[in-house]
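Visitor: What follows is the residue order along each chain.
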Amino acid sequence: MVANLGYGALVITFLVSLYGIFAAMYGVRKNAPAWVDSARNAMLLTFPLVSLAALSIIYLLVNGHYEVEFVASVTSNSMPTYLKITALWGGQAGSLVFWTWLMSAFASAVTLRKWDRDREFLPWVIVVALVTLGFFLIMILFFENPFARIWSVPLGNPVVSLFPPAGGQLLVQSDGRGLNPLLRHPGMIIHPPMLYLGFVSFVIPFAFAIAALATGRTDDRWIRITRRWTLVAWLFLSLGLLLGGRWAYDVLGWGGYWGWDPVEIAAFMPWLTGTAFLHSVMIQEKRGMLKHWNMVLVILTYDLVIFGTFLTRSGVLSSVHAFAQSAIGPLFFAFIGLTFLTSVSLLLYRWNSLKSEAQMTSLFSREALFLLNNLLFIGILVVCFWGVIFPLISELVTGQKVTVGPPFYERATAPLFAGLLLLMGIAPLAAWRHSTAKTLGRAIWKPFIASLVVVILVLVEGIRQPAAILGFWLCAFVSFVTLYEFWRGAVARHRKSGESLPIALWRLIGRNRRRYGGYVIHLGVVLMAIGIIGIEMFQTQTQGTISRGEQIKIGDYAIRYDELATFDTPDGRNVARAVVSVFKNGEYLGELHPRRDYYYESQQQMTIPGVRSSWENDFYVLLVDWQPVTANGATFKIFNNPLVNWLWLGGIIFILGTLIAAWPDRDPEPMAVQSRQPGYASAKA
Amino acid sequence: MKKTILALLVFLALALMTAGAALAQSGNPGEPTDDQVNAIAKQLYCPVCENIPLDVCGTQACAQWRDLIREKLGQGWNEAQIKQYFVTQYGDRVLATPPARGLNWLVYIVPPMAILAGIYILYRAFQSWMRPPAEVDVKAAEPVPPPADDYVLRLEEELKKR
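Quick note, the sequences are listed as chains H and U, same order. Start counting the first sequence at 1; every next residue gets the next number (my numbering). Start counting the second sequence at 1; every next residue gets the next number (my numbering).
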């Protein structure tokens, strides 16, 4: 009953979406506001309808309706209620509904909020949002139906379908298979919604870009309207990526946070184009340049979002066969191809109206450096995309699969990331338009000298790897430049207005939150880079089997195996928990409890490390194996991860910076297009 | 006297045996350590567990592969031989990166080529931008810059235009 209700709601949503697309286009074509209003109502109606469907799934999940295949595949009786609710995004079918739910919420919010101000754009925004929504609904209704039930048939295996097959009886099961234990971690509960929020919010700037192209209003109004949306999308996507990294570090049991897995890369790619877009959009706002490029970036981001959504859950890119056999693979690709071609055609159609309003006047200007930054981000994107796609190409052409693993990505992207750090140090000191090597040099020399002091300290510490020295120098340089920028701004304000320095700093940030929020983000990136250099270049590890009372040494550290207990828990786990004592230079530091959780229902296990964290390092111990029954001997894997906690601290500062940049202004957003430099006005058109 | 000689001979024989045993022990390469196994396993991927290196994969099949590495190391094989053994058995996909031959060259060539193409496009774009078009008002193309070293002026200007 509830399953039928949910499915019915989705069918109606699909029909409403089709109607909305038609009504909006017809309304624009015939200049009939009543049709456009009707399209808006259709858009608004999708939200309660998809909510009804999503709530139906949640009802089925929470109440253990295991006759529904999706429910049986992601929940079980022993799971607590909150996990049953979050199981909505624990599988492909539910994830797609969740995506659609967020999409309809965001698109509805846009049409509610902006209706009176952006009437010209909104019919097209509705078309783009509803086309996207409609595509996901097709996926759900015809290929990944979360309401499909399990039927036993007189002959043969049970059948999964929404409606009963001939002679089919509903197969009522008493328990489900339960959620993959890896997905029960708090990081994994929050990580997918954050990513999806990021993905979905990036559809909004794309929709406005298409609206700008469709209506011919190709000035930077669409950028101003969607500026905050873009930042919010970027915030969620960044948060999703960070949480994913933390989750991997905590539960995957390999001592790392990022494995260059295609699923991770899929979420990273729209972030790369989104970051490039956030920078290059400033050039359009300040100088009226790069209008074509910004369109390209926003189109790429949208299609990478769709690609990412598809790749994260489907797993069909793992082989050509999986792709060919999956119904949704070719459809996703067709949709991506179609939206890409349509968007690019529109862009070409409006090409001439997107001409730059200004000239690049200096290679050392901020806009020139931002362009270089874009080149590097796109370079990283090419590496990522090529690495993900190449195994498929190889299999298709030669029939042989290859693995493109972390060494490829690390080698190819490291110089590009270093280049980005360098630009992060130089660009804030460059002025728009008229920077020269001389003025830039004058601004840079102080932080540069200060950063050399750090190099000396690094050398004194005994670090000799050139890559690490370069990395630490870049971190120091960017930090000093950024702090110097805060300092210069605050001092200038203090001198001018007589405010105390802290107040001057506070008000300075308040006057242009995007600029100074951006600098805080840069500081976050620097801290993250310190953590990454630490763990990537200085990580040490060892593994050994020892008896009770024996020790394993790694560097200055040692662990002693004290005891091991195995026991069952009420939530269906068998836990093996070891107690080890940690020593540094012979001095006792404390106990750690690495453990292995085995989930009976799903027959899967999870390795939870015992970690001792400090600003200096993480001492990370995994229980690999032990002698059954007596537990006299056990095997441990130990990682010493230097500086890794700077990565997490940097992540928090990064998010804080994004919040500062995205925080709503007290004043309403500017209504009219602001005029730029008077000198450029005559260059227009 | 005879007894003394016999005792001496027995002692010598025992000493030789002990020394022999000790020598035999020191000549034995010994059981490979977990770290030696992991150092090689880290560079290999089994065909089933997508994208999980062998040293951290928890499946039974991967544990057997690790045992195989241990066995081969015990037999005196080196790293290259062991990797080659797995490649022969299971194909190139067991390696973390494709060996640079044939079509695989593309994996290494395409990204740098794309980036070089990007640099070229950017270079050309800069060239065309830096050349002020004839029809544009000279004033528009070359705005009078404010005093370049006046930080306060520049900051004010930048903060104004959000």
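Please note: incorrect hints may appear among the correct ones.
Calculated from the model, a selection of chain U residues having no Cβ within reach of chain H, i.e. all distances over 12 Å [to be verified]: (1) E71; (2) N78; (3) Q81; (4) P99.
Straight-line Cα separation of at most 30 Å, DSS-like style, residue types lysine-lysine; simulated pairs [unchecked claim]: (5) K286/H x K355/H; (6) K286/H x K584/H; (7) K355/H x K83/U; (8) K496/H x K446/H; (9) K42/U x K83/U; (10) K42/U x K401/H; (11) K286/H x K438/H; (12) K83/U x K401/H; (13) K42/U x K72/U; (14) K42/U x K553/H; (15) K286/H x K72/U; (16) K42/U x K584/H; (17) K553/H x K584/H; (18) K72/U x K83/U; (19) K496/H x K438/H; (20) K446/H x K286/H; (21) K72/U x K401/H.
Now the stretches of chain U that chain H is said to cover, found in silico as 3 or more residues with beta-carbon under 8 Å [to be verified]: (22) 31 to 37; (23) 64 to 70; (24) 83 to 94; (25) 113 to 124.
The set of hints was computed from the structure by calculation and includes no laboratory data. Positions of the beta carbon are idealized from the N, C-alpha and C atoms, including for glycine.
Visitor: State for each hint whether it applies.
Guide: Now for the hints, and whether the structure bears them out:
1. E71: holds (17 Å)
2. N78: Correct as stated: the minimum Cβ-Cβ distance to chain H is 20 Å, above 12 Å.
3. Q81: holds (20 Å)
4. P99: violated (8 Å)
5. K286/H x K355/H: Within the cut-off at roughly 15 Å; holds.
6. K286/H x K584/H: Violated: K286/H and K584/H sit about 55 Å apart, past 30 Å.
7. K355/H x K83/U: It is violated: about 56 Å lies between the C-alpha atoms, which goes past 30 Å.
8. K496/H x K446/H: holds (23 Å)
9. K42/U x K83/U: Satisfied, since the Cα-Cα distance of roughly 11 Å is no more than 30 Å.
10. K42/U x K401/H: holds (19 Å)
11. K286/H x K438/H: holds (23 Å)
12. K83/U x K401/H: It holds: about 17 Å lies between the C-alpha atoms, which stays within 30 Å.
13. K42/U x K72/U: Holds, at about 16 Å.
14. K42/U x K553/H: OK: K42/U and K553/H at ~21 Å, within 30 Å.
15. K286/H x K72/U: At roughly 64 Å apart (the allowed maximum being 30 Å), K72/U and K286/H break the hint.
16. K42/U x K584/H: holds (27 Å)
17. K553/H x K584/H: holds (10 Å)
18. K72/U x K83/U: The given pair, whose Cα atoms are some 11 Å apart, holds under the 30 Å limit.
19. K496/H x K438/H: holds (26 Å)
20. K446/H x K286/H: holds (28 Å)
21. K72/U x K401/H: Holds - the C-alpha atoms of K401/H and K72/U are around 25 Å apart, at most 30 Å.
22. 31 to 37: Since three or more residues must qualify, the claim that chain H covers the segment 31 to 37 of chain U holds, with 3 doing so at under 8 Å.
23. 64 to 70: Answer violated; 0 residues pass the 8 Å Cβ test.
24. 83 to 94: Three-residue rule met by the segment 83 to 94 of chain U, so holds; n is 4.
25. 113 to 124: Check passed, 5 qualifying residues.
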